[in-house]
Every structure is written in C-alpha cells, then in structure tokens.
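Just add 349 to the spot in the sequence shown (first one is 1) and you have this note's numbering.
Honestly, the hints are just simulated from the structure, not real lab data. From a predicted model like this one, the values you see are computed outputs, not experimental measurements. Quick reminder that beta carbons are idealized off the backbone N, C-alpha and C, glycines included. Some clues are possibly wrong.
[To be verified] Calculated pairs, DSBU-like style, for lysine-lysine (alpha carbon to alpha carbon, straight line, at most 30 Å):
id : residue 1 : residue 2
1  : LYS486    : LYS406
2  : LYS542    : LYS607
3  : LYS633    : LYS477
4  : LYS651    : LYS801
5  : LYS695    : LYS452
6  : LYS486    : LYS607
7  : LYS542    : LYS406
8  : LYS477    : LYS695
9  : LYS607    : LYS589
[Stated by the list, open to error] Derived CB-CB ranges, DEER-like:
id : residue 1 : residue 2 : range
10 : ASN735    : GLU457    : 17 to 27 Å
11 : SER747    : SER617    : 13 to 23 Å
12 : LEU450    : LYS604    : 45 to 55 Å
13 : ILE697    : GLY437    : 56 to 66 Å
14 : ASP730    : TYR696    : 19 to 29 Å
15 : SER747    : MET585    : 41 to 51 Å
16 : LYS801    : THR523    : 15 to 25 Å
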Amino acid sequence: MKKTHFTLMITLLAALVVGCSPDESDENQDIISSKDASISIEEVGREWMKLQLKLTKETPGFTPPVAARAFGYTSLALYEAVQAGAEGYQSLSGQLNGLSLDKVSIGENDRYHWGVVANSALAEIVRKCYDNSNDPKRGEHMSMVDSLEAHFEAVFLLESSQEIVNDSKAYALTKADLINEYAHGDGQSECFKTNFPNYTPPSGHDSLWVPTVDGQKALQPYWGDVRPFLVVNSTMTMPKAPPAFSLDSTSAFWKDVKEVYDSSINLSVERETIAKYWSDDPGKTATPPGHSVSILEQILEKENSNLIISAEAYARIGMGVHDAFISCWKAKYAYNLVRPVTLLRKYIDANYAAPLNTPAFPEYTSGHSVQSGASAKILTDLFGENYSFTDRTHEGRSDIDGSPREFSSFDHFANEAAISRLYGGIHYRCAIEEGVSQGKKIGFNIGQLKFKK
Numbered sequence: 350m351k352k353t354h355f356t357l358m359i360t361l362l363a364a365l366v367v368g369c370s371p372d373e374s375d376e377n378q379d380i381i382s383s384k385d386a387s388i389s390i391e392e393v394g395r396e397w398m399k400l401q402l403k404l405t406k407e408t409p410g411f412t413p414p415v416a417a418r419a420f421g422y423t424s425l426a427l428y429e430a431v432q433a434g435a436e437g438y439q440s441l442s443g444q445l446n447g448l449s450l451d452k453v454s455i456g457e458n459d460r461y462h463w464g465v466v467a468n469s470a471l472a473e474i475v476r477k478c479y480d481n482s483n484d485p486k487r488g489e490h491m492s493m494v495d496s497l498e499a500h501f502e503a504v505f506l507l508e509s510s511q512e513i514v515n516d517s518k519a520y521a522l523t524k525a526d527l528i529n530e531y532a533h534g535d536g537q538s539e540c541f542k543t544n545f546p547n548y549t550p551p552s553g554h555d556s557l558w559v560p561t562v563d564g565q566k567a568l569q570p571y572w573g574d575v576r577p578f579l580v581v582n583s584t585m586t587m588p589k590a591p592p593a594f595s596l597d598s599t600s601a602f603w604k605d606v607k608e609v610y611d612s613s614i615n616l617s618v619e620r621e622t623i624a625k626y627w628s629d630d631p632g633k634t635a636t637p638p639g640h641s642v643s644i645l646e647q648i649l650e651k652e653n654s655n656l657i658i659s660a661e662a663y664a665r666i667g668m669g670v671h672d673a674f675i676s677c678w679k680a681k682y683a684y685n686l687v688r689p690v691t692l693l694r695k696y697i698d699a700n701y702a703a704p705l706n707t708p709a710f711p712e713y714t715s716g717h718s719v720q721s722g723a724s725a726k727i728l729t730d731l732f733g734e735n736y737s738f739t740d741r742t743h744e745g746r747s748d749i750d751g752s753p754r755e756f757s758s759f760d761h762f763a764n765e766a767a768i769s770r771l772y773g774g775i776h777y778r779c780a781i782e783e784g785v786s787q788g789k790k791i792g793f794n795i796g797q798l799k800f801k802k
C-alpha cells in the first residue's frame, strides 16, 4: 500500500509513543533503550526494502544473481546491526562462511535508538551495493537513499536526543562497514559490471547449451564459484543429473522436450498470465529474488512484524536467495544442458517462438524454481504451513496482467512460479521439479542457523 511521507511520519510517531505511560520520565519517553529493539519501528526495514526493490529494477547490471547477492548482504547488515539490542538474539558470526566479527557488548548505560541504528546501517550498505558508476541515474538513485535516510532520522530525532542519534549512527556505521568488508571479500563488489566475462561454452554435441540469439554471451558463467553464506549450500545441494540426452521419442528426455512444445504453443489465458506474471525480467522488475523479497515485505506488513522479527526474516530470505543462485548457477554450468528452444527449432518446428525470451545461460536447473523453492521453505519455517496470502508485487502494471494473485501456502507460490517456466517455453519439467527440490534443501540449511541464543 502506497503511503505519503506525511502519513508515514504520523504512523512512525505514533509507534514511538505507544507503550509509554504518562508518569514515565521524559528520558524514557524520548528514546528506545538498548534492550528494546523488539519494539522498535517496524516500518524502517520495509521502507528500505521497497527502495531496494526499486533500485534493483532501475540500476544497470542487476541481473538475478547480482540482485540476490545485494539482498543477501543488505539484509545481513540490518540483522547484525540490531540483533544486539533484542533480548535472546545473537550474531551470526562464526555460523556464516568466512564471517568473524568481534563480539559487541552493550552496557546498561549505553543508549541507542534502534530505529536510527537500522536506518543508518541500511543506508550505508545500500549505498555500497548500488552505487554503480555506469548508472545514468546514479545521482537520482543515491539521492533516493539520502532522502530516505534523512526522512527517518528527522522523525526519530523528534523523539530522541541528538546525542543518542549520533551514538546510534556511529554504532550502525561500524556494523555496516564490517558487513561491507565481509561482502567485499567474495570478490564481487562490482559484479553488476561483469555479468558477461570471457567464456567459451563447451561444444560438439546437441545436448550442450548454445546461445539462443546471435551474439548472445553467457551470463555469469563463474557464479557457481562465488562464496556462499553456507558452505553446505554449495557443496551438498547439487541436483541429480537430468535425464540422459536422447532424440528417441520414447525417451524421458525427449518427452520433456515435447512437453515444452505442447504446453507453450497453445497457452490458455490463465497459463499465459502465469508465465508473464512470474517472468520478473531484469530492467522491468526487481528480478525473481526481488519477487521473493517483495512477498516477504507484504507479509511483514500484514503481520505488523516488529524490527527484530523483520530483520531475521529479511536475513533468512536474503541469504537464501543468494545461496540459491550460487547453487543453481553451479549446476547450470556443470551440466551445460541445451535449451528447449534450440532443439525445438532444429527438430520439430523451425519457426518455433517461445512465449518468453530465453535467457543467456544453460537450462538445468531452473533459477526461478531453485530460488522459489528456497524462499518457500524459509517462509514456511517463519510463518507456518498453509499460510494464505495475496501477492501484489505486480499490481498496477499495464504491460502484463499484474492483478493480485491468491495463494494457499508458500509451496503453492513456489510451484506456480516454477511451472511458469514450462508455460513460457524456457525450461523442461525435470529442471523445474528438481530445481524446487534443490531450493528446498537450501532453505532447510538456512533454517539451521541459530539466530537466538
């Protein structure tokens, strides 16, 4: 739901005052103490994620793997910035691959405003992740970051002292800088500029992926080697091999090929809607991982979740989708499986045109399926089985039917997002089904992280 700055400010001010009895001291009314992150301003994380979704859509180079990485590190920075102020929570230092942070103790006399902490940490890490010198709208985008940060700071300053705001900002920047240093360690700080590095795909057999458009280069062919948040998500989630390549009409592989053709040439209105709804093309949308973040943002707003619950949820989803794309891309370039459109044009219909454009990377497994499977598992762990919700991610779009879609569970959404790639002529069923399974393994591993002491 869209809100004006005025409405948002009134909401935030009201939230700050709730819970303060008239006879409390002015000092206690003016700040949120070091032990009150659990009742801090829930709007902060959501508004920053909304801005990040916009930046992901508009900033050049934010392909799905790049976007997933950004969501991973920004959400981790938010969580690490506020966890020390929430009773029972702990840092993920020592649990994540390569993350080693000094333990921070907050004394009884330390006074931080956790809304300011969250706001400042997110502002800093979002700047680091999205400041692209190749962005023609760079000034406008960085101004959006500055404006949102200034807006929240002004609101919180009305309810706190300048000293507390300054201390809170300093604490937040220390945390954000540590996570930015950690992110920098994966060697992908400017991955939005290196989506198409030098790469020669293997050749010599019909089973192998080839570019589907003249001049097309492979997208992030080395992404499978990027550092994951959890080592197990890279080493233990590889999918089983796809069905053996065969042109025999009775073979499992060719049945998958033929199914793509039969499913995509005469789409029903509903299936066409599903294919386009979940396409989530870079440059037009916040990409598939952004769609998962958008669903989480909507649920957190529906549940009116507080800051620490939101921070944990964002961290789980952000790290989950990042690891999902690493695992998926590792499989893609290991198997290098040919795309359906290539075989369909060569052996069935030279004029075949898939309903959706085939992206520039090998087929197996389906990225939509892996990241949706991971997200569904994480969201189910957070909110439970059979959680009904309405997805409004594409509401208001005129280029597709972006009408809100109803789901009876998170598995329901994941399965629809996954099968959309069959309807779009993009993926075989084996890549879809195995991809969802692969993603759920990743989501399960994320669920083993101990956010609480």
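Right, here's what the structure says about each hint:
Restraint check for LYS486 and LYS406: the C-alpha separation of about 12 Å stays at or below 30 Å, so the hint holds. A threshold of 30 Å between alpha carbons decides the hint, and for LYS542 with LYS607 the separation of about 37 Å lies outside it, so the pair is violated. Distance check on the hinted pair: LYS633 and LYS477 sit about 22 Å apart at the alpha-carbon level, within 30 Å; holds. At roughly 24 Å between alpha-carbon atoms, LYS651 and LYS801 fall within 30 Å of each other, so this suggested pair holds.
As the CA atoms of LYS695 and LYS452 are separated by approximately 60 Å, the hinted pair breaks the 30 Å bound. For the hint pairing LYS486 with LYS607, the CA-to-CA distance comes to about 44 Å; that exceeds 30 Å, so the pair is violated. A C-alpha spacing of about 15 Å is found between LYS542 and LYS406, which places the hinted pair at or below 30 Å, so the restraint holds. The straight-line distance between the Cα atoms of LYS477 and LYS695 is roughly 46 Å, outside the 30 Å bound, and the hint therefore fails.
Restraint check: the Cα-Cα separation between LYS607 and LYS589 comes to about 21 Å, which is no more than 30 Å; the hinted pair holds. A C-beta distance of roughly 43 Å is found between ASN735 and GLU457, which places it outside the suggested range of 17 to 27 Å. Taking 13 to 23 Å as the suggested C-beta distance range, the pair SER747 and SER617 conforms, at roughly 22 Å. Taking 45 to 55 Å as the suggested C-beta distance range, the pair LEU450 and LYS604 conforms, at roughly 51 Å.
Checking the proposed 56 to 66 Å range against ILE697 and GLY437 shows it holds: the Cβ atoms sit about 59 Å from each other. Roughly 43 Å separates the CB atoms of ASP730 and TYR696, a value that falls outside the hinted 19 to 29 Å. A hinted range of 41 to 51 Å for the beta carbons of SER747 and MET585 is consistent with their spacing of about 44 Å. For LYS801 and THR523, the hinted distance range of 15 to 25 Å is satisfied, since their beta carbons lie about 23 Å from each other.
Checked against the numbered hints above, the structure violates hints 2, 5, 6, 8, 10, 14; every other hint is satisfied.
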